[in-house]
Every structure is written in C-alpha cells, then in structure tokens.
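Respectively, the protein sequence lines represent chains A and B. Going by our numbering, the residue at position 13 of the first sequence is 13; the numbering climbs one at a time, nothing skipped. Going by our numbering, the residue at position 96 of the second sequence is 1096; the numbering climbs one at a time, nothing skipped.
Check before you lean on any hint, since a few could be wrong.
From chain B, some residues computed to sit far from chain A (all C-beta separations above 12 Å) [unchecked claim]: (1) 1097; (2) 1115; (3) 1128; (4) 1138; (5) 1178; (6) 1214; (7) 1231; (8) 1282; (9) 1285; (10) 1293; (11) 1354.
Restricting the straight-line Cα-Cα distance to at most 25 Å, the calculated cross-link-like pairs of lysine-lysine (PhoX-like) are [unchecked claim]: (12) 77/A x 87/A; (13) 1016/B x 1389/B; (14) 1321/B x 77/A; (15) 77/A x 115/A; (16) 86/A x 1181/B; (17) 1389/B x 1006/B; (18) 119/A x 1006/B; (19) 62/A x 221/A; (20) 115/A x 1006/B; (21) 1321/B x 87/A; (22) 1321/B x 86/A; (23) 1212/B x 1171/B; (24) 77/A x 1389/B; (25) 1176/B x 1212/B; (26) 1181/B x 1212/B; (27) 193/A x 87/A; (28) 1321/B x 115/A; (29) 87/A x 62/A.
Here chain B is said to cover these stretches of chain A; the calculated rule only asks that three of the stretch's residues, wherever they fall, bring their Cβ under 8 Å from a Cβ of chain B [what the hints assert, rightly or not]: (30) 50-64; (31) 93-100; (32) 194-208.
Calculated directly from the structure, the hints in this document are not laboratory data. Quick reminder that beta carbons are idealized off the backbone N, C-alpha and C, glycines included.
Each chain, written out:
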Amino acid sequence: MQDIIILEEVYKIYTMGEVEVAALNGVSLTIRKGEFVAIMGASGSGKSTLMNILGCLDSPTKGRYCLEGLEVSRFSKNELAEIRNKKLGFVFQSFNLLSRTTVVENIELPLIYSKRISKREVDNIYQIMQTLGLGGFQTHYPNQLSGGQQQRVAIARAIINNPALLLADEPTGNLDSATSADVMNVLCDLNHKIGITIVLVTHETDIARYARRVIVLKDGKVLSDTPSTIPLSQISCETTP
Amino acid sequence: MPALFKIALRAIMRNKLRSSLTILGIVIGVGAVIVMVSIGQGAKFFVEKQLESLGTNVLIIIPISTTHTATRGTTGTITLTVEDAIAIVKECSAVSHVSPGVRTTTQVVYGNMNWTTSVSGAGPDYQIIRNWPLESGRFITQQDVNIMAKVCVLGQTVVTNLFGTLDPVDKWVRVKNVPFKVIGVLITKGESPTGQDQDDVVLMPYTTVQRKIMGVTYIGIVLASSISAEARFEAIDQITSLLRQRHRLRPHEENDFTVISQVEFASTVIETSRTMTILLGSIASVSLFVGGIGIMNIMLVSTTERTREIGIRMAVGAREKDILFQFLTEATVLSSIGGVVGVIFGIAVSKLVSYSGGWPSLLSLPSIVVAFLFSNMVGIFFGYYPARKASRLNPIEALRYE
Chain A
1 MQDIIILEEV
11 YKIYTMGEVE
21 VAALNGVSLT
31 IRKGEFVAIM
41 GASGSGKSTL
51 MNILGCLDSP
61 TKGRYCLEGL
71 EVSRFSKNEL
81 AEIRNKKLGF
91 VFQSFNLLSR
101 TTVVENIELP
111 LIYSKRISKR
121 EVDNIYQIMQ
131 TLGLGGFQTH
141 YPNQLSGGQQ
151 QRVAIARAII
161 NNPALLLADE
171 PTGNLDSATS
181 ADVMNVLCDL
191 NHKIGITIVL
201 VTHETDIARY
211 ARRVIVLKDG
221 KVLSDTPSTI
231 PLSQISCETT
241 P
Chain B
1001 MPALFKIALR
1011 AIMRNKLRSS
1021 LTILGIVIGV
1031 GAVIVMVSIG
1041 QGAKFFVEKQ
1051 LESLGTNVLI
1061 IIPISTTHTA
1071 TRGTTGTITL
1081 TVEDAIAIVK
1091 ECSAVSHVSP
1101 GVRTTTQVVY
1111 GNMNWTTSVS
1121 GAGPDYQIIR
1131 NWPLESGRFI
1141 TQQDVNIMAK
1151 VCVLGQTVVT
1161 NLFGTLDPVD
1171 KWVRVKNVPF
1181 KVIGVLITKG
1191 ESPTGQDQDD
1201 VVLMPYTTVQ
1211 RKIMGVTYIG
1221 IVLASSISAE
1231 ARFEAIDQIT
1241 SLLRQRHRLR
1251 PHEENDFTVI
1261 SQVEFASTVI
1271 ETSRTMTILL
1281 GSIASVSLFV
1291 GGIGIMNIML
1301 VSTTERTREI
1311 GIRMAVGARE
1321 KDILFQFLTE
1331 ATVLSSIGGV
1341 VGVIFGIAVS
1351 KLVSYSGGWP
1361 SLLSLPSIVV
1371 AFLFSNMVGI
1381 FFGYYPARKA
1391 SRLNPIEALR
1401 YE
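The following block holds chain B by itself, in its conformation from the complex (with noise of 0.2 Å):
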C-alpha cells in the first residue's frame, strides 16, 4: 500500500498544473456543499432562536377565519371583544395571561423627529407572554389600561430613531397630536422568525389606543400564553370551544376566529429553512459531481498517456489488480486532496459569507465529514472505470504503444 501511495503522489505530482486544476474542481464542489449547508443549518438554527424568544407557548387569537374568506354575507361585524379575553383567562384552565390589543400604523414624534411606527395596544400581561424585559423605566399597568392613560413603552428601533442617544424615559411624544409619555423601553429583540423587526413598535395601554387613537372598541388580536408548551393543545381546544359558545355559532357554522400557535407557525418556517438547506446541498452537489467528471476525464488521459508505463509494469510482473489498485489510488488521491483544501476553503467561505453578508451560517461536523467522505467516494467512483481500463490492457500492445 504505501508503495502504490508514493507511486500515485509522484504521478500526481509529474503534471502539476493539470493535478491542481482537476482538484480545484473537486475543492469547489466540497467547499460549495459545505458553505451551502452551513448557510442553511445557519439559518434554521437562527429561527429556532428566534422561535426561543417568541415563547413556546404563546397562542394569537385572531377575529378571521382563515377556512372561509370570502362570500360571507355578514361582514363587517368585528368579533373579538376585550370581554372575550377575559373570559379566556378567567375559564381556559389551561390559559395562564392574555393581553388583548389592537393595533395601527401611525406617526410617533418627538421633538422635530417623527418616525412612522406600528403602535400597539396592551394589556399588562403583554410582557409575560412575549417574555420581554424592560431596559429601564416600567411597563404598562391595569391602572393604566383602566384610566386609559396616555403613557408609552418604546421598542429600540423606535428610539434609536427618536431619541438617539438620549434617554427617552419620562420624555414625551406625540401620536395625531396627542402627547404621551414614554414610562419605559424595552430591551432589543431582533427579527422575527418572518424577518420584521420586532422592536420597532410602540406599545400602549389597548383602551388608549382604541379611543385616544383609533376611536374604536373592537380589538384586533388576543395573545394568550398557555400554562404550558404542552398545554397549547389544550388551549387552542378551550379557547375555541369558549368563543363558539361566547360568539352564538351553530355546530354548522364555522369559526369567526383563529387560534394560532406561534410554535406551529415557527415549525413551517423551520421546514422551509430545512427544504432550502436540501435545495442548496443538492445543487452544490451538482458541482462536486463535475469535479469527478473533471477526474475522470483526466484519469482517462492519464491512463492513455502511461499505457507504455503500464505495459512495463505488467510485463515486470504486475496483476490487473495492481494496476487497478494504482491508478484508483491516483484518483483517490486527487479526490481527497480536492477534499481536504474544499473543506478548508468552505469553512473559510462560511465564515466570511456569516461575517461580511450577515447571513448566519453554522458549520456542522457531520456536514464535513460528509463532504469529504463524499469526495473520497467520487474519487473511487470516477477513477475506477478509467482504472478499469488500464488493467484490462494487453501487455503486448501496451508495451508496443507510442
């Protein structure tokens, strides 16, 4: 064995140039399967996170029903009531806070900045079911939500746009001319699992935005959390049993409201992170593919160009077996070469494409040794009919070969 492992280096090394462009072929297919699948893990890894912070049981309520949309005669009545999420907190035992809200788009200003922003009524259970700290100041309060009161709490995108560097705390902005005062900030949370920044929003008590703002008296969404991750099933099931009865629907009549779980939601963009990280794997592959073609092709030229050598070596004693040993080493050696320098460049692309893009990218142990197994596969693959070939040559022909 390493007779034949010192044979296929020095062939390899005999033609360098055409040794480092057949592994380049090879060290781009590897280094392309590899950065591919860290992007995509990156990827699926980060909306995990993100599916983390949003809180695993947190349940929307929502007043459409998304199994019937159109053709309903009587639309325009808005369903969901600040009465029915009472009701789910005080009889879904498996529901521990709700928070109602409502919710519009409007321009916040402050001073001569303004910035439009979504500006969101809620309850003071808000914070315990999004699980989002404050950085300083206090959040809203049922004396608040009670009084209507005309207070604030910021998202940092909101005050990164307002305030700059100031403290907004105790400062006060003004919605449709109205002044409110900011009583706290919340701390930075990033995107969402859907890419909208979720800090840029201000929220306030839901009656202050219903009339102070809006002049409305429907809410447009519950967040309710149930007492459990486990107990969102039982959830969703109380809560919709609640409302068909609250909301007078026949058994025949369909929901006039949706309960979704975040963690349902979050799961189908998990998947389709997981259909993406396939996608790319599998064009990458594409690549390595080509590069055992491109070893191939010079394995065939190779054999063509040595089959005097080869009919020496048989005429001294050699086996088809040792022939083909030798050559489908070469190959293998060319290939894990290939391998080696592919993950190495993919690991270094990964980590430049995370770091000067912003795509996250999370390099998995399993996905290297895979490409570089899968490299070594090629080189066997591609190199043993051309390897083939050479031992099944005729010595005396060989050997008689120009």
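Only chain A is shown next, with the shape it has when bound in the complex (with noise of 0.2 Å):
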C-alpha cells in the first residue's frame, strides 16, 4: 500500500512574548492509503495542532510533511488552499455548514473553488446525499435539520471532490451516543466501501475505538502508535447493511 502521509520530525513552535512553546516536538510518523487512524491525546497534547498541519490550515515550523508526494511543507498560501479543495475533507465538531446556505449549496462549496460544477458533478452530489441519507434534504437550510444530518451534509461536503483524505476533527463531539454511532458508521462506511483515508481526532476511547490504528500524543510527541484493540469498525461496518 502506498503511503499517503509522511510527517518527518515536525515541530510547531508558538513565541509568546519571550517564551517559546513547542506544540509539536518531532512527530513523525507515516499514514498508508485507505487507513482508519485515530489521533487521541489529552488537551495541549498537541494533536488539535497536528491536525491543522495535515488538514494544510497551517504550516509547520521545522520538519517535512509530504501528502501523497507532494512535500507541501514548503507550499505557499495559494497552493495549500488549493491542496485543501483537491485533497482533503473537513468533518468539525460543530459542523460548520453555511446557515441560510442549503444544502446542496453548501455540498457543492468546494466545487465552487475548483470551478468544475457540471452535470455530472450535480448528478454527484445527488447521489453522495442518497447514500448517505440526505435524499429529499437538498433544500432545507442546515437549521432545519438535526445535528447528526448537519454533520452527514458536512461530510457530502468533505467527500464531494473525491479527496485523497479525510479529515475528522472531534465529529461527534456536538452529538448524543445514537447519533454518534450513526455518524461514526457513515465514515467507517466510507473507508470500507470507498477506500477513504480517515484521519479522526478524538479524545473519546468509544470512538477511537472505530479506528483501526490509535496514535496517542503527549506533550508534543508520539506517545504510542497501536493497532486498536478491539477493531469495532470491522464489526460494526460488516453488520450496517
């Protein structure tokens, strides 16, 4: 399998006022195609930095990161934004969906940016928002539906430009347990039936546990990086029909 991620001693140095804070302290660590990874760590662990780094909102001090060959560290501004519409997803914990946008408009957000709105791209996003149950939604605005659908547009969103990987950043934190379960078997789903590399940061052990790797950080650095457990992704994805 080919490596999608390659972090090589990355660090994150924040200066505030005359003391320097190093968020990251030499992470390196290397992510394949079609992995379902989870980030854990208590908070200032570092991995809220870490994700921005991958997610390429940020750029790190010192320290190579290369996304699928490409070694973006050194990318500019307008290159990463560009990056960001062809490569990766975004899934936040409070969904940030475009109020009085609906929701086919905000699905079709980052097909705005890489210009290609055509027929097939329309017939596209009909179809990602059928497998994932959003089916009849395409007008409402995102106040007219509930947390769990708000985060399955949020993810239409993520996967309509047929990202290299996506990117999970505490998903389920706004949700109840059910829901939670539901939005958690939709990205299993994906990395099962569509190969999506899922990169998920969580500090919930039941949700790391959907992940079939848990990388845990502390203080900057890699702490543990192990198969998960107990594979609950194996089990609960083969029981969702």
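Put the two chains together into one complex; each comes in its own frame, and the hints tell you how they fit.
Written out as structure tokens, the structure is:
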C-alpha cells in the first residue's frame, strides 16, 4: 500500500512573548492509503496542531510533511488552498455549515473553488446525498436539520471532490451517543467501501475504537502508535447494510 | 464569476434593511451629482441660448472709461454724440449698423393703468442689431427720428401690464403728460444673461426721448453691429481709433468711452456658470464619498460577522483571491445598485426641479455615465480594504471564531 502521509521530525513552535512553546515536538509518522487512524491525547497534547498541519491549514515550523508524494510543508498559501480543495476533506465538531445556505449549496462549496460545477458533478451530489441518507433534503437549510443530519451534510461536502484524505476533528463532539454511532458508521462505511483514508481526532476511547490504528500524543510527541485493541470498525461496518 | 455574483447577491439579500441603507447613501450621492451637474449644465445652456438671442456681433459703446474712474478733473462733459454714431457707421468698414440710444426710467400711463419702465431711445437699425422681430405694427423709421415723432414700440411686459389682452397698436399712452402713439409691439425676448427682463421696455425714436422726455442733447449709448461675428475685434479697433480721433485724445490720454462686445460679456457669464457647475458637482461628490464610507463601514461589519464563513470557505479550498473577490463583488454590487437607482433618482429630481422651480436643467449622458462609473469605483475603492482584511484571515482562527 502507498504511503499517503509522511511526517518527518515535524515541529510547531509558537512564540509567546519571550517563551517558546513547542506544540509539536518532533512528530514522525506514516499513514498509508486506506487507513483509518484515530489521534488521541489530552488537551494540550498537540493533537489540534497536528490536525491543522495535516489539514494544510498551518505549516510546520520545522520538518517535512509529504502528502501523496508532494512536499506540502514548502507550499505557499495559495498552493495549500488548492491542496485543501483537491486532496482534503474536513469534518468539524461544530459542523461548520454555511447557515442560510441550502444543503446542496453547502455540499457544492468545494466545487465552486475548483470550478468544476458540471451536470456530472450535480448528479454526483445527488448520489452522495442518497448514499448518506440525505435524499429529499436538497433545499433544506442547516437549521432545519438534526445534528446528525448536519454532520452528514458536512461529510458529503468533505468527500464531494474525492479527496485523498478525510480529516475529522471531534466529529461526534456535539452529538448524542446514538447519533455519534450513526455518524461513525457513515465514516467507517466510507473507509471500508470507497477506501478513503480517514484521520480522526478524538478524546473519547469509544469513538477511537472505530479506527484500526490509534496514535496517542503527549506533550507534542507520539506516545504510542498501536492497532486498535478491539477493531470495532470491522464489526459495525459489516453489520451496517 | 456568476457564482461570485450569486454569493454577493445572497449576502446582500440576507440583511435587507442594512443593505438598503448602505445603497441609499450611494443613491443620494449619485443622484446629487446628476442633479447638480444637470442644473449647472442647464444654466450654461440657457446662457448660451441667450447669447444667440443677443446677437454674436453686437457691440455696445458707452461714454465711460472702464480703465479709469474717479479723480478726473474734466468730468461732467458727456462725450458721445449722435454725430459719433453716424461717423462710426460711415467710416468703419467692419461696422454694418448703428443705433444711438439714450435711456431713462419713467412712468407710462394708459387709461387708468400705469407702469414704471425703461424708456429707451433707438434708431431704425435697432431692430436689426438686436435681431428682435415685431409681433405687430411697425418699427421706428428714419422719418420718425428726423421729426421727433411721438410714437413708441412696446415690449411684451409693458403690453401685459398696461393693456392686458387688448391690442395696443394705434392706442395712445402718456409719458410725462405727453401722448405717444403705439406703432408696434415687439415679440417676447425673455431674460438677459444677467437676469433682466428685456421685454420691460418702451422704445421711441432717440431724438424723441432726448427732447420730449429728458430734455438733453447727448446720447448714452451706441449699439452697433459688426459685419460678422468674426469681424467684431476689427470693428472694436476701428471704432476705438475713430472715436479717439474725433474726441481729439492725445496718445497718452485714456479712452473716454468703452466698447463692449456682447460675446465677451456673455462668455464671462458662461464661465461663471461653468465654475458653478464644478462647484455644485464637487459638493455633490462629497456625498458620494460619504456613501462610499458607508459601504466600507458595512463591509467591515459584514466581514467580522462572517469570519466563520470565511474560515469555512478557506478550509474547503478558497484562496485569498477568491475571498477578496467575493467581498469586492459584494461591495461593487451594492454600489452599482445604488448607482442605477441613483441615476433614476437623479433624473427624476432634475426634471422635478426644472419643472417646479423653473430652473433650467440639462441631463447630459456623459454626466450620467460618469456618475454611474464613479459609483462602481467607489464600491471597489471602499470595498477593497474590508475585502483584503477578510482575505488575510488565518483559516484556523477564523474557524474558531464565535
């Protein structure tokens, strides 16, 4: 399998007045295509910073980050924007949908910036909506949907451009446990059936169980990198129709 | 581009009251520019039309020096005579007609009506020089001048005030208890460039005014016309040297008369009205500028409110340029809507002003186009800073913004 993410000795150092704080203190890791990885850690462990760097929203102070063979740690702001558009999909804790903008228009947002709105893409939107159980909600507004439905819209938006990597930052943080399981099933379904690589940040062990590999961060360093003890994803995904 | 346009329109529609107030600022600005410029242009056009009615080749000779006024010992002698006038038309090749004149203000009576007006002496060529046709009757002839005939020709204002709707021709009016026969009525001439009512006049043979009314021998003014508009400078030179010679002025002595060309006089008025147009236009531009500040203000508020949206857009791949154009489009759409409405508003107000206030107004296409384009530029100019600020946001912080 191909290595989709290679991090080599990545540092992220913030200067606060005179003090330098290292949010990431030499992180090296490799993620292969099709993996489902959970990143865990206490608050302040650097998992959000790692997520921002993986998501090309931020650049490392030092070290190398290769995404699909491209050394994105050297990219300019504009090039990073293009990478986010073409190769990455984001799912956030707070959904981050545009309010007063319909479901379809939210989903097609990445297409606007890749200038790819064609008949084929529109068909693709409807197909994805069907797959994620959002059929019939095209002209609804986010505030007319339940939390779980809103997160599905966010997932649809994240995968519309066929990204190489899906980044989910506490995707269930704002959801109850039943809806959480529902959303997690959607994610591992995508991983299982389409083979999309997923990196999930969470602090809940239950949620991390859906992943097949768990990386634990502490003080900006990788504390442990182990296969998931009980690969919940296997079980639940196979039981989902 | 159409996508950007759609986003901009949606953002504008989202806050209808706020958008309309912002647009109103531009509407007033653009409208004011159009109204002010059209009034200024109208005034200029009006003056130019007046100038045509005056005649572009009319020269006025008056017995005063304009270069020197007080402190001259030999005052009291009135220097301009009928003989001067006759000599001018005889000897100056560039002059085609002259009409000696003398003027007084007095009361004219018809029946139990009376009206105080300007009684002007004129020669038979007056009508040709002033290019002023009659409505009815006949004009003063050389014969009338020779015999000091007690006849008069009335302007429209005098007719209205003395006769109402009656036909004044062949009626008798009294001036200083002397009866004068009305022989003709002039057509309406309207206001002079300086705003005087040219129709408020009674014309009589200049000899009649001199002897029967004023009891003087001098003349106060000579109206002359050059053979063409272009020849007026030559005519001025010829008249000046002729009069200097006739008045026996030595080379070091100043002229004791002044030759004025109506064109030069009127062009001063035109210049004044142009200055007024520029002044009014600049004042109006200030309100357009203020409208622009309104756009900037609202765009700053809008970008702050929509920080989260900007973060989301950046996360899904919007480049700095995309965000910049999004907000710039929004500002430009706002100002363009303001521009279109402002143009309509400006046209309507100009029409209203000229209709109700009697102000002439002239809508010129260039001023409308310029005002509209300027409103767009205002949108781009004042929208740029907020848009740039939005595009420079850090996506991580923008996404975290509450």
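Status of the hints after comparison with the structure:
The claim that residue 1097/B is not at the interface with chain A holds, since no C-beta of that chain comes within 12 Å of its own (minimum 78 Å). No beta-carbon of chain A comes within 12 Å of the beta-carbon of residue 1115/B; the shortest separation is about 74 Å. Residue placement check: residue 1128/B keeps its beta carbon more than 12 Å from all beta carbons of chain A (closest about 76 Å). For residue 1138/B, the non-interface assignment is confirmed: its Cβ lies about 82 Å from the closest Cβ of chain A, beyond the 12 Å cut-off.
The claim that residue 1178/B is not at the interface with chain A holds, since no C-beta of that chain comes within 12 Å of its own (minimum 89 Å). Distance check for residue 1214/B against chain A: the nearest CB is about 86 Å away, which clears 12 Å, and the non-interface claim stands. In this structure residue 1231/B is separated from chain A by more than 12 Å, as the shortest Cβ-Cβ distance comes to about 71 Å. No Cβ of chain A approaches the Cβ of residue 1282/B within 12 Å, the least distance being about 41 Å, so the stated non-interface status holds.
Its beta-carbon lying about 36 Å from the closest one in chain A, residue 1285/B satisfies the requirement of being farther than 12 Å from that chain. Residue placement check: residue 1293/B keeps its beta carbon more than 12 Å from all beta carbons of chain A (closest about 27 Å). The claim that residue 1354/B is not at the interface with chain A holds, since no C-beta of that chain comes within 12 Å of its own (minimum 45 Å). As the CA atoms of residue 77/A and residue 87/A are separated by approximately 15 Å, the hinted pair is consistent with the 25 Å bound.
About 24 Å separates the Cα atoms of residue 1016/B and residue 1389/B, which keeps this hinted pair within 25 Å; it holds. Restraint check for residue 1321/B and residue 77/A: satisfied, since their Cα atoms lie roughly 11 Å apart, inside the 25 Å limit. Distance hint between residue 77/A and residue 115/A is fulfilled; the C-alpha atoms sit about 19 Å from each other, no more than 25 Å. Under the criterion of a C-alpha separation no larger than 25 Å, the hint pairing residue 86/A with residue 1181/B is inconsistent with the structure, at around 100 Å.
At most 25 Å may separate the alpha-carbon atoms for a hinted pair to count; residue 1389/B and residue 1006/B meet this at roughly 21 Å. Of the pairs offered as hints, the one joining residue 119/A and residue 1006/B holds, with about 18 Å between alpha carbons and a cut-off of 25 Å not exceeded. Note on residue 62/A and residue 221/A: the hinted pairing holds, with a Cα-Cα distance of about 14 Å set against a maximum of 25 Å. For the hint pairing residue 115/A with residue 1006/B, the CA-to-CA distance comes to about 14 Å; that is within 25 Å, so the pair holds.
This hinted pair checks out: residue 1321/B and residue 87/A have alpha carbons roughly 20 Å apart, not beyond 25 Å. At roughly 17 Å between alpha-carbon atoms, residue 1321/B and residue 86/A fall within 25 Å of each other, so this suggested pair holds. Restraint check: the Cα-Cα separation between residue 1212/B and residue 1171/B comes to about 19 Å, which is no more than 25 Å; the hinted pair holds. Distance restraint check for residue 77/A and residue 1389/B: the Cα-Cα separation of roughly 16 Å lies within the 25 Å cut-off, and the hinted pair is therefore satisfied.
This hinted pair checks out: residue 1176/B and residue 1212/B have alpha carbons roughly 9 Å apart, not beyond 25 Å. For the suggested pair residue 1181/B and residue 1212/B, the alpha carbons sit about 14 Å apart, so the restraint of at most 25 Å is met. Straight-line distance between C-alpha atoms of residue 193/A and residue 87/A comes to about 18 Å, which keeps the hinted pair within the 25 Å bound. For the hint pairing residue 1321/B with residue 115/A, the CA-to-CA distance comes to about 14 Å; that is within 25 Å, so the pair holds.
Straight-line distance between C-alpha atoms of residue 87/A and residue 62/A comes to about 23 Å, which keeps the hinted pair within the 25 Å bound. Chain B is given as covering the segment 50-64 of chain A, and this holds because 4 residues of the stretch bring a CB closer than 8 Å to a CB of that chain, at least three being needed. Chain B is given as covering the segment 93-100 of chain A, and this holds because 4 residues of the stretch bring a CB closer than 8 Å to a CB of that chain, at least three being needed. A count of 0 residues in the segment 194-208 of chain A with a Cβ less than 8 Å from any Cβ of chain B is obtained; the coverage claim is therefore unmet, three being the minimum.
The structure fails to meet hints 16 and 32 from the earlier list, while all remaining hints are met.
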